[in-house]
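Please put together the full structure from these sequences, using the hints given.
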Amino acid sequence: METLITILTGILVTVATYLILTRSVLKVILGTAILSHAAHLMIMTMGKGLKSGSVPVLVDGQETTFVDPLPQALILTSIVISFAVTAILLVLAYRTYRETGTDNLYELRGNKHE
Amino acid sequence: MLTVNLAIIIPFLAATLVPVLHKKISRIHIGWFVFIVSAALFAFLVRYIPRIASGETFLYTLKWIPSYHINFTTYMDGLSLIFALLITGIGALVTIYSIYYLSSNENLSHFYTYLLLFMGAMLGVVFSDNMMVLYVFWELTSISSFLLIAFWYHRKRSREGAQKSLLITVTGGIAMLVGFVMLYVMSGTMSVREVIATVSTYSEHSLFIPAMVLILLGAFTKSAQFPFHIWLPTAMEAPTPVSAYLHSATMVKAGIYLVARFTPVFGGEMTWFWMVTGVGLFTLFWGSFNAIRQTDLKALLAYSTISQLGMIMSMFGMSSAALVNGYSVDSVIFTQAAFAALFHLVNHSTFKGALFMVVGIVDHELGTRDIRRLGGLATLMPITFTIAIIGSFSMAGLPPFNGFLSKEMFFQVAVNISEFNFASDTWSTLIPVVAWVASILTFVYCMIFVFKTFLGSYQEEKLEHPAHEAPYGMLFSPMILGALVVLIFFFPNVLGDYLLRPAMSSIFPTIAENEDLGVHVIPWHGFNMPLKMTIGVILLGILLFISLRYWKGIYKMFPEKWSFNTLYGNILEQLEATSNTVTNFYMTGHLRDYMVYIYSFFILAVGGMLVITNTLVFNIEGNASISSLEGIIALVMMIAAVTILFAKSRLTAILLNSVLGYGVAIFFVLFRAPDLALTQTVVETVSTVLFLAAYYFLPEWKKEDTRKRSKSVNLIISILVGVIFTVVALAVQNGKLFDSISSYYENSYELAGGRNIVNTILGDFRAFDTMLEVVVLLIAGLGVYTFIKLKARKEDASVEDK
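Heads up: the sequence lines are chains E and W, in that order.
Those letters in the first sequence? Residues -11 to 102, per the numbering used here, in order.
Those letters in the second sequence? Residues 429 to 1230, per the numbering used here, in order.
It is worth saying that the hints were derived from the structure and are not from the lab.
This structure is a prediction, so every number in the text was calculated from the model and none was measured.
We treat Cβ as the ideally placed atom computed from N, Cα and C, and that holds for glycine.
One should not assume that every hint holds.
What the hints assert, rightly or not - Some, not all, of what chain E presents toward chain W, calculated at C-beta under 7 Å:
| id | residue |
| --- | --- |
| 1 | Leu(-4) |
| 2 | Ile31 |
| 3 | Leu58 |
As the list claims (entries may be wrong) - Residues from chain E that face chain W, not an exhaustive set, calculated with beta carbons under 8 Å:
| id | residue |
| --- | --- |
| 4 | Leu(-8) |
| 5 | Ile8 |
| 6 | Arg11 |
| 7 | Thr52 |
| 8 | Thr65 |
| 9 | Tyr82 |
Next comes the structure, spelled out in structure tokens:
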């Protein structure tokens, strides 16, 4: 299972990298969003072992093994932050398009003599 | 009792007070405050003279970074006291002069802040015993000099002069720092005194000569020795009080101080003797030769300063002959050279300071300092004229002025070197010859200075203001210096016994144990070689001065385009152009290019490491099992991901991205992470909405006009990145070095009172982290609001365009 997920994240990273290298702002943002999906899955596989126990919630009188709670906590933080990043980037793209009339990064390059 | 340390700190403290006082008290010229500071420091230092003269030294240590041997240690001996007295004494006089020189419209608080900064830094240079602290103060003098040269920063030439002096002196300073570090490596101590005391234990070290050359580089750049002299003439763009203070009396002598201070360390090396003497003598000649061709009085004095610095430098070089063959009765005679050097150093500060102030007066009162426009001022400015006569005749080496005494001593030591056949025959006969020729040229430019300015015909139409005598406040300082010039001639031994003799034992500690190194200075030695040389200088000098216009053509052989100045300019231009080209080559302004750099680095560094260390481990043992549902979801996500690349419309791409997001959420469910699954579902839904909103506002995807080649480059890069990422991840999974720390959190109920372990981690164990995360969200929200709502005002937009 871990290997399968790792290969899946590898494919996601490849796709994200390709999108980030393109010229369209929207594609670049999509790339970053996919990159964060990949990162989340990746962190998940780095824990104690997938599906090695039950949901990490204590229930009175039950002695069980749990799955690793630490990656879950980290991912929860990460999901929220990457959402904020995506939101900011999208609004930035919107504003840039409003101001400059283009969403092409090639045309958006800075002036040489500034 | 850290009194000497305090003396260094006081000017810095005063410098911080200057802007405040200047604002509060506008009635009184702020210069008086600076004068009080420097005069008080001078008086404080004068009190040490008797004790220093009796052979005492003072050492104070303030611990700073003891583990690195860096302490704020000051050491006051004869050598540092001479310099410190010059720094504070001339400083006080220059301050009085500047009060009348600079009008109150100028930015006075800047000027005096910089001046005090310099004074403190320069005192730090001469008093510091720790090499690192010395270096810091050394660079501080360069910086304050830079600020003072660029005082009139609206002038292009001032800025260029400041830049040139900074570049040259700081380059030398860094070389010196490397030399210091080498000394530290060899001797194991940062203290100059200990370096001197232990020199015999490491003088055979292979770094010894490199350290020496590097330290000399620092000294030569600071003291404007050939070929680094080019910064000094351009530094004359500074206000004249600064030229008189920094660029003739004190800062440029820091290099000489360094040479004197390190003579006991390196003086025993033949290389030292030849480098210091050779460079000094050539600078002496070159400076005096070029001074004659100058038409600007300040430039003339600048070249003359270069020349005189070379003379002092060469005398210190010659004095090291006393150390080359170890101590013997014969070698003591060579130490006279150092005595003469110190003597001339003091003399030069007096007469050159006076001369600079004279030029300042002429410039200030008449509005020009071009020799071709001046003339006939003797009767109109009698006091200035008198001071000019005293100063330049002293510089030319005529009695009854102090320059005569030190110039005679200079001839004597040059003759000594050749008579005692210290070096090979041809070279040692050359030394007095060069000294003599350069002195003739010195005589000529001194005469030019006096006679072309003050005699001849008065041409008022060429001046900006009609000539008249300067106010007494302005004449006060040069008058004091002029009086000193004469007084030192009549009472040279007061100076010699109280200041120069103790300094000699700092320069030659080993010899001073056995011999009294003081020299009794007398004006009349009988009709000996130096006197004959002086007479020759006067006769030939007068002859050359009269016939000046017949041989001036010789300077056409040295056109400006072959000078070091032009070389410096070209190098600077080339550097700028090259770095511009290089920067423009890779800073393309395209996001893609920058990402390519980053990814290429990742591929080369991480991928390369994988190949080199051969850590390609792959092992599926211990993996959890794969159910058919999981396999299908993974497959769907893979297909969705790849399809995004081929999506023709934005809508497809956005929906496929949501497929990925919800796929991740399902995986979270399967991996026993209900909180994550919930959050992911919510966030993914909102993100998709946001993407769709952007879809509404942004234009439709056009077919990318990217070239095939860069497309395939992109593809290769992304595949490589993905592969390396996967390989590293797999290797990491197989290489667990220690057990997970997660079991700690399983006590969440006892530790944090919560049953949901993930929640307790977020809300309790790592609560700070979560709180800051909320702050990030808040900032992001503000950002979103700002981007959407706020509009740039029209005038803001126009500012950015500039």
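Results of checking the hints against the structure:
no. : hint    : in the structure
1   : Leu(-4) : holds (5 Å)
2   : Ile31   : violated (10 Å)
3   : Leu58   : holds (5 Å)
4   : Leu(-8) : holds (5 Å)
5   : Ile8    : holds (6 Å)
6   : Arg11   : holds (6 Å)
7   : Thr52   : violated (10 Å)
8   : Thr65   : holds (6 Å)
9   : Tyr82   : holds (5 Å)
The structure fails hints 2, 7 (numbered hints given earlier, in ascending order).
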